[in-house]
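**Q** Each chain, letter by letter, is given below.
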Amino acid sequence: MTEIVNYIIGFFLLAGGFLSLVASFGVLRLPDVYTRNHAASKSATLGIMCILLGTFLYFYIVHGIFNSKVLLAIVFIFVTAPVGGHLIARAAYHSGAKLWDKSVRDDLKDKEKYDRQHS
Amino acid sequence: MLEIIIRITLICVSLSMLGLIYRVIKGPTTPDRVVALDALGVNLIAIVALVSMLIDSDAFLEVILLLGILAFIGTVSFSKFLEKGAIIERDRNR
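In order, the protein sequences belong to chains A and B. Mapping to this note's numbering: the first sequence position 75 is 75, numbers consecutive. Mapping to this note's numbering: the second sequence position 60 is 60, numbers consecutive.
The following block holds chain B by itself, in its conformation from the complex (with noise of 0.2 Å):
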């Protein structure tokens, strides 16, 4: 009965990333996209976990964590850019 829960749940979260892709190619301004990316990378995570748990290994459990820190460091860089137009700003008393 787990299986095919997990199978339903796998198929409910590709569905929901076909979504999110089809507001990464169309969406109006940059903002848009760098909301539905994060998305992505969040249901990403979902996908990781369930794969795992489908092939009975916890050998993939460390993607979990990492796919969540890099997800948040790309959004806070790309927000910082579209707001100040730099990343990593320079000193300036130096």
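Only chain A is shown next, with the shape it has when bound in the complex (with noise of 0.2 Å):
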């Protein structure tokens, strides 16, 4: 029993260095601003979520201690990272980030105009 949890702790963990070590050279490689947001707020998040995984199953497997804060903030990290990362390539946008040079079309740009039209 406890050598089966021990294969599916080490499972989460390992899912979860590998997630957020591709999210870093997502970060690192990636062209402009929006992609690297991408990368860094889906692939961080879903690696911290694997690895908050693995340490609540072990502390209430091999402890025998249920710690919800644990579970409280995966349910907060689940929230609030698509959020944060939301707002920061809104104000990326606004605060006159370039796009990449080879992105094709950008729709927010002619909003202005469409909204002086239609209103």
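All the pointers check out, no bait thrown in.
In silico BS3-like links for lysine-lysine, alpha-carbon gap of 25 Å or less:
(1) A/K109 x B/K80
(2) B/K80 x B/K26
(3) A/K98 x A/K42
(4) A/K42 x A/K102
(5) B/K26 x A/K42
(6) A/K98 x B/K80
(7) A/K98 x A/K111
(8) B/K84 x A/K111
(9) A/K98 x A/K109
(10) A/K102 x B/K26
(11) B/K80 x A/K42
(12) A/K113 x B/K84
(13) A/K98 x A/K113
(14) A/K113 x A/K102
(15) B/K84 x A/K98
(16) A/K111 x B/K80
(17) A/K42 x A/K69
(18) A/K109 x B/K84
(19) B/K26 x A/K98
No lab work stands behind these hints: they were computed from the structure.
Mind docking these for me? Both chains are given alone in their own frames, and the hints should help you get the complex.
**A** Okay, structure coming up:
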């Protein structure tokens, strides 16, 4: 029983570490703010949720401690990390961060003109 | 076996934090730095969880929730500052 649980916890931890490495690699390699934000806010969130789930299982099954704060932290990170990513991408767009020069379309650019025509 | 896995994961998370620190230092624009700092806070949560597993103590698990809340508040206030120039706006009808 404990051996199987050890395998499950190890899988969660390794998956979390790998996803966090992937997030860092994306932040290093991708060309502009929006793609970097995309990498950081998705992979890092999933990685941290895997690691926290492994921690919760470890303390629950190996030590018999039911720690509800870790569960609450998982839910909180799952709710707030995409919201933070959205806010910072919006702030980047409105403060004039350039898109990658190979990106093809920017629908938000014509928003002012569209609003003036249709109001 | 589990201890070795925890150590490997710690190394992975530390390498990822190093990459993010490079982006914080070099990042061309301010939103880049904010994105990288947000991800740094998230990775710090992972390090706290892993270390509390290594030393077999559940005394530091409150820190996880606290760091999550602080990282979110920091990101929101930074993005509000970048977008509007003020974090707490003044009420006009008073």
